[in-house]
Amino acid sequence: MASRWLQGKTVRKNTPAGSHSRSSSTPQVHSTSSTIFGGGVKDPSGRITEYSSDDDQCPVCKSDKYLEKKLRLLVSSCYHKMCESCIDRLFTLGPAPCPICNKVLRKLAFTPQTFEDLGVEKEIAIRRRIAKEFNKRLEDFSSLREFNDYLEDVEDITFNLINDVDPVGTEARIAAYREANAALTLLNTQREEAYILSLRQAEELERKEKEARAEELRREEEEERQEKESGKREIIERLERADGADAAKVVRRTQRERAEREASRKATAATKDTPHIPFQDDYYAYDDMFVLKHVYVDPSSEAVRKDREGIMRAGGYRVEEAWERAVRSAVAGLNLWPLDSSPGVDAGGDVIMSAA
Amino acid sequence: MDAVEKANTERQKRWVKDQKIGEGTYAVVYRGREASTNRKVAIKKIKVGQFKDGLDMSAIREVKYLRELKHQNVIELLDVFSSKTKLNLVLEFLDSDLEMIIKDRTLVFLPADIKSWMAMTFRGLEFCHRNWILHRDLKPNNLLIASDGQLKIADFGLARDFADPGYKMTCQVITRWYRPPELLFGSRYYSTAVDVWSVGCIFAELMLRTPYLAGESDMDQLKTIFRALGTPTEQDWPGHTKLPDYVPIGQFPKTPLRDLFTAASADTLNLLSQCLVYEPRKRITAKDALNHAYFFALPYPSHPSKLPKCAAQLSAALPLEELDGNTLSSKTNRLKRKLSSPEDAKTRSAVARRLDFTKPTPGS
Numbered sequence: 010m011a012s013r014w015l016q017g018k019t020v021r022k023n024t025p026a027g028s029h030s031r032s033s034s035t036p037q038v039h040s041t042s043s044t045i046f047g048g049g050v051k052d053p054s055g056r057i058t059e060y061s062s063d064d065d066q067c068p069v070c071k072s073d074k075y076l077e078k079k080l081r082l083l084v085s086s087c088y089h090k091m092c093e094s095c096i097d098r099l100f101t102l103g104p105a106p107c108p109i110c111n112k113v114l115r116k117l118a119f120t121p122q123t124f125e126d127l128g129v130e131k132e133i134a135i136r137r138r139i140a141k142e143f144n145k146r147l148e149d150f151s152s153l154r155e156f157n158d159y160l161e162d163v164e165d166i167t168f169n170l171i172n173d174v175d176p177v178g179t180e181a182r183i184a185a186y187r188e189a190n191a192a193l194t195l196l197n198t199q200r201e202e203a204y205i206l207s208l209r210q211a212e213e214l215e216r217k218e219k220e221a222r223a224e225e226l227r228r229e230e231e232e233e234r235q236e237k238e239s240g241k242r243e244i245i246e247r248l249e250r251a252d253g254a255d256a257a258k259v260v261r262r263t264q265r266e267r268a269e270r271e272a273s274r275k276a277t278a279a280t281k282d283t284p285h286i287p288f289q290d291d292y293y294a295y296d297d298m299f300v301l302k303h304v305y306v307d308p309s310s311e312a313v314r315k316d317r318e319g320i321m322r323a324g325g326y327r328v329e330e331a332w333e334r335a336v337r338s339a340v341a342g343l344n345l346w347p348l349d350s351s352p353g354v355d356a357g358g359d360v361i362m363s364a365a
Numbered sequence: 004m005d006a007v008e009k010a011n012t013e014r015q016k017r018w019v020k021d022q023k024i025g026e027g028t029y030a031v032v033y034r035g036r037e038a039s040t041n042r043k044v045a046i047k048k049i050k051v052g053q054f055k056d057g058l059d060m061s062a063i064r065e066v067k068y069l070r071e072l073k074h075q076n077v078i079e080l081l082d083v084f085s086s087k088t089k090l091n092l093v094l095e096f097l098d099s100d101l102e103m104i105i106k107d108r109t110l111v112f113l114p115a116d117i118k119s120w121m122a123m124t125f126r127g128l129e130f131c132h133r134n135w136i137l138h139r140d141l142k143p144n145n146l147l148i149a150s151d152g153q154l155k156i157a158d159f160g161l162a163r164d165f166a167d168p169g170y171k172m173t174c175q176v177i178t179r180w181y182r183p184p185e186l187l188f189g190s191r192y193y194s195t196a197v198d199v200w201s202v203g204c205i206f207a208e209l210m211l212r213t214p215y216l217a218g219e220s221d222m223d224q225l226k227t228i229f230r231a232l233g234t235p236t237e238q239d240w241p242g243h244t245k246l247p248d249y250v251p252i253g254q255f256p257k258t259p260l261r262d263l264f265t266a267a268s269a270d271t272l273n274l275l276s277q278c279l280v281y282e283p284r285k286r287i288t289a290k291d292a293l294n295h296a297y298f299f300a301l302p303y304p305s306h307p308s309k310l311p312k313c314a315a316q317l318s319a320a321l322p323l324e325e326l327d328g329n330t331l332s333s334k335t336n337r338l339k340r341k342l343s344s345p346e347d348a349k350t351r352s353a354v355a356r357r358l359d360f361t362k363p364t365p366g367s
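Chains A and B are the protein sequences, given in the same order.
Numbering-wise (my numbering), the first sequence opens with residue 10 and increments by one.
Numbering-wise (my numbering), the second sequence opens with residue 4 and increments by one.
Everything labelled a hint here was simulated from the structure, so no lab data went into it.
Hints may contain errors.
[Unchecked claim] Pair ranges (Cβ atoms, derived):
(1) B:266 <-> A:59: 29 to 39 Å
(2) A:258 <-> B:7: 50 to 60 Å
(3) B:308 <-> A:196: 42 to 52 Å
(4) B:7 <-> A:311: 19 to 29 Å
(5) B:217 <-> A:297: 37 to 47 Å
(6) B:107 <-> A:345: 13 to 23 Å
(7) A:188 <-> B:259: 32 to 42 Å
(8) A:290 <-> B:308: 15 to 25 Å
(9) B:301 <-> A:339: 35 to 45 Å
(10) A:337 <-> B:308: 27 to 37 Å
(11) B:67 <-> A:236: 37 to 47 Å
[Unchecked claim] Straight-line C-alpha distance at most 30 Å; calculated BS3-like pairs for lysine-lysine:
(12) B:312 <-> A:281
(13) B:312 <-> B:245
(14) A:302 <-> A:281
(15) A:241 <-> B:312
(16) B:309 <-> A:302
(17) B:285 <-> A:237
(18) A:217 <-> A:281
(19) B:309 <-> A:237
(20) B:312 <-> A:302
(21) B:73 <-> B:87
(22) A:302 <-> B:20
(23) A:315 <-> B:285
As the structure is a computational prediction, the values presented were derived from the model and not from experiment.
Ideal placement from N, C-alpha and C gives every residue a C-beta, glycine not left out.
From just these sequences and the hints, can you work out the full model?
This is the structure in structure tokens:
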């Protein structure tokens, strides 16, 4: 701050005193309308529905919805409601005590209200917090009994927090648990995240597949339509050409031909996609009849092996491949019998000159 | 007539040349068929250079390597014969290529379709590499599609066998967009990994439906690659700064492939990234790629017969056919009628009918 004064930059008077403002580099004014309050309870689609009623009244300044159409009540972390202008008035200059219960609050900790009953709101927040910490699974226990005891403990703690029974002792219990199970909690959190990710991917895949299927269906329909049209054209054409012949016969024959074509087309469409087979021959079914050595006495490849500059290595050339080629060519087909070929022409179809 | 000539004419008689379907820099391609079975073939007639002595290098390469390769996913060379002074290669007839399919905006690719094409490409490539042949010109244009949907690697005009130690290979190969960085840096000693990079680019192109690394010049190509995949460090690719044509290009950060290929699965991106590894020795081999989890994951690769096909393949042959209309024989005439547009056929057959009403029409 001091350095900024020295630089001669303007710092506005109503800037939050640098305490809880997230952006300390540039002075900002949080006006009533532009402050975005986070939190709130999300529904499955990820939206936050905000609760408001016509009887809303701010318990602090007593202004109500009837006179103040834009009145919006937000909930503090101690579950007391107050209107946006009160929040601005009380907390813009930094943390201040709640006018109702005197707990110290910060402006950004206010959340929109989702449920009419604030108890529900509170319970959801607490359960969410507890679920994050107490995420042991059945697999982490040796017996079902132990797991059930654990669940009961968790429920106890939750109940205490919701109803403010022995808050100090409960917090201490949570802290002790957290310390004892930090590693396992982290592991379970990661597991959960991985599971959610896999679900999302599966969903995505399914969606894509569905799209693809719909696309194919559309394509098929289009083809069928075109086929029908071309069939009609064909009949007309044939009738035109065969001016003398029996019209009914021509039509019948064309239709029969078309049906046959259709059937054959359907047959090809019904051919099932088969799983991928890497190779469709048995080339790799045979064992190599050689073992490649690491190095050979090979004067011709000396240049490549002594390639200090790396001109040859960066291009991807490998002398080992040349060696493999040489060895493979030397022994390939050693145990195969020559093909039986008709005289005069060899298996490849080449004319043997001496016979001609 | 000596024995060789006699054998050649014997050969020549087995094939019938129909109409021209395309022309490349060093060859004219005709549609043809086997005289005995009417099986469709493509006949590639090699132009013999006027000023050079002997045959074009690429023709020799093509014959040399295709003669030895026979695989479901490599184009088959059925026969070779000479006519007067020209060399003719008889190849399997394949009516479309992957580029046409990628460019046909009416087609929709399923992930399973891409998987099927990739599996076929890798199978063909693995077969070449297994036989120590580098293709050195893989691009969608050179991956032809048979009528049953099988993909076949074609155009071995730039292929060569794996070099003996110490022999230099040229770095001026592979169409620029599919050229790996080691070739762009002028490496004269490289390996099968160059083809895998090209396949990686094709893989990306199948997903994007537009060339992935489209540089405008060799320099720009490197920049494009680095912009997409990050500038390699000495650790990523040891020794690359020592390559003959190395120049510092500038530092680009690594961006995850996920940013561009938003819909691809994790397996897909893993295979793609392994094909596009800078260090050629760490780049995945065709054999390992075929055993990659991507191919085993659901959905299964589409059956070749169900792959999207190009509707334009038949009509594409039409305009060319008009060109050589001066070489009409009764045989080609009949064939022409079959292939021309429906309106054309209608008017022609109407005339034909009036002329020989009493006789049975040939071919119907």
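Cross-check of the supplied hints:
Look at residue 266 (chain B) against residue 59 (chain A): about 36 Å separates their beta carbons, and that is inside 29 to 39 Å. Distance hint check for residue 258 (chain A) and residue 7 (chain B): the Cβ-Cβ separation is about 57 Å, which falls inside the suggested range of 50 to 60 Å. The hinted range of 42 to 52 Å is satisfied by residue 308 (chain B) and residue 196 (chain A), whose Cβ atoms lie roughly 50 Å apart. Checked against the hint of 19 to 29 Å, the pair residue 7 (chain B) and residue 311 (chain A) fails, with Cβ atoms roughly 43 Å apart.
Between residue 217 (chain B) and residue 297 (chain A) the CB atoms are about 42 Å apart, so this pair conforms to the stated range of 37 to 47 Å. For the pair residue 107 (chain B) and residue 345 (chain A), the supplied restraint of 13 to 23 Å is violated, since their beta-carbon distance comes to about 45 Å. In this structure the hint that residue 188 (chain A) and residue 259 (chain B) lie 32 to 42 Å apart at CB holds, the actual value being about 39 Å. The supplied range of 15 to 25 Å is met by residue 290 (chain A) and residue 308 (chain B), whose beta-carbon atoms lie about 21 Å from each other.
A hinted range of 35 to 45 Å holds for the C-beta pair residue 301 (chain B) and residue 339 (chain A), which are about 43 Å apart. For the hinted restraint 27 to 37 Å between residue 337 (chain A) and residue 308 (chain B), the CB-CB distance of approximately 36 Å keeps it satisfied. At about 45 Å, the CB distance of residue 67 (chain B) to residue 236 (chain A) agrees with the hint of 37 to 47 Å. In summary, the hint linking residue 312 (chain B) to residue 281 (chain A) is supported, as the alpha carbons are separated by about 18 Å, within the 30 Å threshold.
This hinted pair does not check out: residue 312 (chain B) and residue 245 (chain B) have alpha carbons roughly 46 Å apart, beyond 30 Å. A hinted pair counts as satisfied when its Cα atoms are at most 30 Å apart, and residue 302 (chain A) with residue 281 (chain A) does not qualify at roughly 45 Å. Proximity of residue 241 (chain A) to residue 312 (chain B) is assessed by CA-CA distance (about 23 Å); at most 30 Å being required, the pair is judged to hold. Of the supplied pair hints, the one linking residue 309 (chain B) and residue 302 (chain A) is violated, its CA atoms being roughly 47 Å apart against a limit of 30 Å.
The hinted pair formed by residue 285 (chain B) and residue 237 (chain A) fails the criterion: a straight-line CA distance of about 53 Å is larger than 30 Å. Only pairs whose Cα atoms come within 30 Å are accepted, and residue 217 (chain A) paired with residue 281 (chain A) is accepted, the gap being roughly 20 Å. Pair hint residue 309 (chain B) plus residue 237 (chain A) holds up; C-alpha atoms about 20 Å apart against a cutoff of 30 Å. Distance restraint check for residue 312 (chain B) and residue 302 (chain A): the Cα-Cα separation of roughly 48 Å exceeds the 30 Å cut-off, and the hinted pair is therefore not satisfied.
Distance hint between residue 73 (chain B) and residue 87 (chain B) is fulfilled; the C-alpha atoms sit about 28 Å from each other, no more than 30 Å. As the CA atoms of residue 302 (chain A) and residue 20 (chain B) are separated by approximately 52 Å, the hinted pair breaks the 30 Å bound. A distance of roughly 21 Å separates the Cα atoms of residue 315 (chain A) and residue 285 (chain B); the hinted pair therefore holds under the 30 Å criterion.
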